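Given these sequences and hints, build the entire structure.
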Amino acid sequence: MRATVLVRPKQGILDPQGEAVENSLRHLGFGVAQARIGRVVDLEVEAEDAAAARAEVERMCEQLLANPLIESYEILLRENRA
Amino acid sequence: MSSPQPRIGVVQFPGSNDDRDALWALAALDAEALPVWHAETELPDLDAVVLPGGFSYGDYLRCGAIARFSPAMSAVAAFAEADGLVLGICNGFQILCEAGLLPGVLRANESLSFVCRDVRVRVDRADTAFTSRCRQGQELVIPVKHGEGCWYADDDLYQELVARDQIVLRYSEPVNGSLYDVAGVVNERGNVMGLMPHPEHAVDPLLGSADGALILASLVEAARDRALAAV
Numbered sequence: 001m002r003a004t005v006l007v008r009p010k011q012g013i014l015d016p017q018g019e020a021v022e023n024s025l026r027h028l029g030f031g032v033a034q035a036r037i038g039r040v041v042d043l044e045v046e047a048e049d050a051a052a053a054r055a056e057v058e059r060m061c062e063q064l065l066a067n068p069l070i071e072s073y074e075i076l077l078r079e080n081r082a
Numbered sequence: 083m084s085s086p087q088p089r090i091g092v093v094q095f096p097g098s099n100d101d102r103d104a105l106w107a108l109a110a111l112d113a114e115a116l117p118v119w120h121a122e123t124e125l126p127d128l129d130a131v132v133l134p135g136g137f138s139y140g141d142y143l144r145c146g147a148i149a150r151f152s153p154a155m156s157a158v159a160a161f162a163e164a165d166g167l168v169l170g171i172c173n174g175f176q177i178l179c180e181a182g183l184l185p186g187v188l189r190a191n192e193s194l195s196f197v198c199r200d201v202r203v204r205v206d207r208a209d210t211a212f213t214s215r216c217r218q219g220q221e222l223v224i225p226v227k228h229g230e231g232c233w234y235a236d237d238d239l240y241q242e243l244v245a246r247d248q249i250v251l252r253y254s255e256p257v258n259g260s261l262y263d264v265a266g267v268v269n270e271r272g273n274v275m276g277l278m279p280h281p282e283h284a285v286d287p288l289l290g291s292a293d294g295a296l297i298l299a300s301l302v303e304a305a306r307d308r309a310l311a312a313v
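Residue numbers (our numbering), protein chains in the order written: chain A, 1 to 82; chain B, 83 to 313.
Bear in mind the hints are in silico, worked out from the structure with no lab data behind them.
Among the clues, some could well be false.
Each computed DMTMM-like pair below joins lysine to aspartate or glutamate, with the alpha-carbon atoms no more than 20 Å apart [as the list claims (entries may be wrong)]:
id: 1; chain 1: A; residue 1: Lys10; chain 2: A; residue 2: Glu62
id: 2; chain 1: A; residue 1: Lys10; chain 2: B; residue 2: Asp236
id: 3; chain 1: B; residue 1: Lys227; chain 2: B; residue 2: Glu270
id: 4; chain 1: A; residue 1: Lys10; chain 2: B; residue 2: Glu192
id: 5; chain 1: A; residue 1: Lys10; chain 2: B; residue 2: Asp237
Simulated coverage check for chain A against chain B, where a stretch passes if three residues somewhere in it have a Cβ under 8 Å from a Cβ of chain B [what the hints assert, rightly or not]:
id: 6; stretch: 12-23
id: 7; stretch: 63-75
FRET-style restraints, in silico, Cβ to Cβ [said to hold, decoys possible]:
id: 8; chain 1: B; residue 1: Arg199; chain 2: A; residue 2: Phe30; range: 29 to 37 Å
id: 9; chain 1: A; residue 1: Ile13; chain 2: B; residue 2: Ala160; range: 26 to 34 Å
id: 10; chain 1: A; residue 1: Phe30; chain 2: B; residue 2: Gly182; range: 35 to 43 Å
id: 11; chain 1: B; residue 1: Val223; chain 2: A; residue 2: Val21; range: 33 to 41 Å
On a predicted model such as this, the values are computed, not experimentally measured, just so you know.
For each residue, glycine too, the CB sits at the ideal point set by N, CA and C.
Structure follows, in structure tokens:
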């Protein structure tokens, strides 16, 4: 099972990286209202089924991949294709 | 009777780079300073522990996030749980926050720039084991050098910390965007403290300031009290 974890700065948390990129995009002439920058973690998970994989990845997020004080996470799962 | 030298361990993680300065400064302040390797699963007999500055494990993922899982950190957590004195400096502060031993988290500086200079910090509490040599409201000059020193807690947590008087140091000038200029916090029980400024780099006037010695000497004194009490 492949899992992709998207870690984002929580709403309301200042994101100076995102602000710098937002400003740069505006300088290039793009109409951008907001840019936020997070992190992507691609995982190959050994699990019996999708539910088990999701539960496992959620534990990874809680214990290490995200800091719940400042970050939210989203888990995307897909089967390995042979 | 001569007072015994308290034994203070300095944990060396891969990527620590202020461990030797911390060992030197503690020894200069009359402690027996011992390096503790990160792979150790047990601490030697110690009266206090210092987690030094640096970039443990390359600051991968988030600063302090990986160091938290090193064997020595399990031992440090047990030491803190048993009321042992623990001081985290810079990266050590980041590690203590990630480990849940101190409240809040250290994020990238608001400016996104690495800050490396002497800063003024105000002592909000002079009644902790780490600040007893200071006066309430005293301003100290201590250097900072960090890219991720912007301390953050959400509103509820911050109000709890203020109510429990856990904010020990605040910057007297803009430094990194830290919430309400927080530069150092202590845990609820008062035996674990973290700060971003580097007291170990300010223990001799030749280095520009000796104000850091007030903090480290407070720790040495508190550790000595523990050592005497244990005899």
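Hint check results:
1. Lys10/A x Glu62/A: OK: lysine 10/A and glutamate 62/A at ~14 Å, within 20 Å.
2. Lys10/A x Asp236/B: holds, 11 Å
3. Lys227/B x Glu270/B: violated, 27 Å
4. Lys10/A x Glu192/B: holds, 16 Å
5. Lys10/A x Asp237/B: holds, 14 Å
6. 12-23: holds (count 5)
7. 63-75: Holds, because 5 residues of the stretch 63-75 of chain A bring their Cβ atoms closer than 8 Å to Cβ atoms of chain B.
8. Arg199/B x Phe30/A: 29 to 37 Å: holds, 36 Å
9. Ile13/A x Ala160/B: 26 to 34 Å: Hint holds: Cβ distance 32 Å, inside 26 to 34 Å.
10. Phe30/A x Gly182/B: 35 to 43 Å: Holds, since phenylalanine 30/A and glycine 182/B (Cβ atoms, about 41 Å apart) stay within the stated range.
11. Val223/B x Val21/A: 33 to 41 Å: holds, 36 Å
Going down the numbered hints, you'll see the structure goes against just number 3.
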